[in-house]
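Trainee: Got chain A; can you put chain B on it based on the hints?
There are 2 protein chains.
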Amino acid sequence: MKRGEYASRGPVPQEVISAKEFELPSLGEGQVLIEVLASPINPSDVLTLTGEYGMLPPLPAVGGNEGVGRVATLGPQTDAWAIGELVLLPIGSGTWTTHMVADAQRLIALPPQGDPLQLSMLSVNPPTALLMLREFVDLQPGDWVIQNAANSAVGGYLVQIAASRGLKTVNIVRRKSAVDAVKASGAEHVLVDGDDLHERVAELTSGAKIRLGIDAVGGMASERLARCLGQAGTMVNYGGMSGEPCMLSPATFVFRDLHLRGFWLAQWFRTATPEKQFAVFRELALQVAQGELKARIQATYGIDQIRDAVAAAAGDERDGKIVLEPNKG
Amino acid sequence: MKRGEYASRGPVPQEVISAKEFELPSLGEGQVLIEVLASPINPSDVLTLTGEYGMLPPLPAVGGNEGVGRVATLGPQTDAWAIGELVLLPIGSGTWTTHMVADAQRLIALPPQGDPLQLSMLSVNPPTALLMLREFVDLQPGDWVIQNAANSAVGGYLVQIAASRGLKTVNIVRRKSAVDAVKASGAEHVLVDGDDLHERVAELTSGAKIRLGIDAVGGMASERLARCLGQAGTMVNYGGMSGEPCMLSPATFVFRDLHLRGFWLAQWFRTATPEKQFAVFRELALQVAQGELKARIQATYGIDQIRDAVAAAAGDERDGKIVLEPNKG
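If you're matching them up, the sequences are chains A and B in order.
All letters in the first sequence, in the order written, are residues 0 to 328 by numbering that gives the first Met the number 0.
All letters in the second sequence, in the order written, are residues 0 to 328 by numbering that gives the first Met the number 0.
For reference, chain A alone in the conformation it holds in the complex (with noise of 0.2 Å):
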């Protein structure tokens, strides 16, 4: 049994964590033991162990909030489950580990014939996506979104999710050599970030009205997204990739009547109630068993490799997720 543990956090993160051996606990009443099959490295991750996010686990901790495994072993009184059932991890509870014991009433069974590497990123992106897409803009289909970081997981989820709901992306990237693989994923229209970047964009659009903009750059990146909204438009923010603030001149949102809010899923998990949580994850559970959503995979690595992972995970110019199969050899 091993796991990825940290005990101090500092700004090189692949630093700061190793994988450990560690003795399972005994299995009490209601608990089952999971194999883990899966679990990915986010970006939100990476910020813990850095220790820039938002809220920090308290040390010494274990890596991961999110992913996949089949039940092992059935402790008393969990006779609702099978050996073999594949599920979702509990998020939050350290993932980045070959086995762990849980309280079985906090799994959600997952459909058997799905993919696990792809089911194992469904906690966190996919519902980041969905939700600001609905919680912020009441956008209707035919409308148009546009967001930046098209090129990351929760930008191809976001395509994903914006398609099957009839709502047309303007998805940007930073550099040409991201276009294809964004594509790919299903974007049909994808522009290079630059100056003109807004009037690039009213061409495509034929100049409709954009109400919703989704910025995960922060920067000048966040002024050039702003100046393609229209009046009174809604620009949701939900990370920095730049490094810098985000930046948005007087003159773009106050003559525009913009609104800035920003989106956090941690938040969200905290306010939605258990029923409107577990409707986002059976729709999503579905989507993503079926293949209709899913996200692009760079390098899966076992638990042995966690500091190359990471390493990988919290380098630029990705072109897919980095995802931890922490019993592969």
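Warning: the hint list may mix true and false statements.
Any copy will do: because identical chains look the same in the list, a pair fits if it lies in one copy or spans two.
[Claimed, not checked] Restricting the straight-line Cα-Cα distance to at most 20 Å, the calculated cross-link-like pairs of lysine to any residue (SDA-like) are:
no.: 1; residue 1: 275; residue 2: 51
no.: 2; residue 1: 182; residue 2: 277
no.: 3; residue 1: 208; residue 2: 53
no.: 4; residue 1: 275; residue 2: 14
no.: 5; residue 1: 208; residue 2: 115
no.: 6; residue 1: 167; residue 2: 277
no.: 7; residue 1: 293; residue 2: 306
no.: 8; residue 1: 1; residue 2: 307
no.: 9; residue 1: 208; residue 2: 250
no.: 10; residue 1: 208; residue 2: 260
no.: 11; residue 1: 208; residue 2: 266
no.: 12; residue 1: 19; residue 2: 113
no.: 13; residue 1: 327; residue 2: 15
no.: 14; residue 1: 182; residue 2: 102
no.: 15; residue 1: 208; residue 2: 71
Derived from the structure by calculation, the hints contain no laboratory data.
Keep in mind that this is a model prediction, so the values were computed, not measured.
Mentor: For chain B alone, kept in the frame of chain A given last:
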């Protein structure tokens, strides 16, 4: 008859404007001739001369958007008015002029005992301050509000209006030399901006949750102000005195669910009903006429000194408003 005219726009506002002789048209039905007593030079006027404002009049144009005057001559069918009456000039009518012909029905009569200089600033800055306090967050007596650019005219009005509503204000200035002037305009709590601002504010307010922040500076001053706000607080920007875009780190406003909005009075005028607008002016005119609401005046200029006046208004480090008295010497 002279007025401040410009036929082009440019980066040095005092260079595009000059005092020019003009001939008054004869009075039509329902029109009166007004002798202009006072008209301020607002930041929005300067941005109109440089071309940076959100709406620009066709050229050539007469500068100035607000002011007061006395009725000097009555045209046909203006029986409701009397020679010598003190009136508010129509907004946006080109008020940097010794005289103007106006439709009497667009005039608002003012309390005759009011100070024309103070009343001349009634239409733009006081409603900006009042509406920013009123339209975004439902504040209750005892609540805190924080603003930067506290040394501006809007900042001064905001202190006075907030106090009259039982709100407490934290007032931020950029330089120590401005503290006394802001205190003199009625502010109890004045802090000089800096990286530890949020800590000093928390100490001052004993950690009270601040739900409204008002920003007219931009740059990292926006971020420092945002850090003082409580969870789900709203920041309203109405200007960019630093010349930089507002900077807001994703960590500050995503993790704390802040809302960023812009306020533009011209937009409010376009959308608010005439009754609402009249109610705002009536409330404010009474307070100004009674001396409860006032702005510091740095200097007044005659129409022949229009270039000096604009240069003074556009300059840094003012401690009061620049007001034209067009008919002065």
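Trainee: None of the hints should be skipped; say for each whether it holds.
Mentor: Status of the hints after comparison with the structure:
no.: 1; hint: 275 to 51; in the structure: neither (29 Å within a copy, 46 Å between copies)
no.: 2; hint: 182 to 277; in the structure: neither (31 Å within a copy, 54 Å between copies)
no.: 3; hint: 208 to 53; in the structure: between (33 Å within a copy, 18 Å between copies)
no.: 4; hint: 275 to 14; in the structure: neither (38 Å within a copy, 61 Å between copies)
no.: 5; hint: 208 to 115; in the structure: neither (40 Å within a copy, 44 Å between copies)
no.: 6; hint: 167 to 277; in the structure: neither (27 Å within a copy, 43 Å between copies)
no.: 7; hint: 293 to 306; in the structure: neither (25 Å within a copy, 63 Å between copies)
no.: 8; hint: 1 to 307; in the structure: within (16 Å within a copy, 76 Å between copies)
no.: 9; hint: 208 to 250; in the structure: within (18 Å within a copy, 29 Å between copies)
no.: 10; hint: 208 to 260; in the structure: both (19 Å within a copy, 19 Å between copies)
no.: 11; hint: 208 to 266; in the structure: between (30 Å within a copy, 18 Å between copies)
no.: 12; hint: 19 to 113; in the structure: neither (30 Å within a copy, 79 Å between copies)
no.: 13; hint: 327 to 15; in the structure: neither (22 Å within a copy, 73 Å between copies)
no.: 14; hint: 182 to 102; in the structure: neither (41 Å within a copy, 60 Å between copies)
no.: 15; hint: 208 to 71; in the structure: neither (53 Å within a copy, 49 Å between copies)
Hint compliance for this structure: hints 1, 2, 4, 5, 6, 7, 12, 13, 14 and 15 are not met, and every other hint is.
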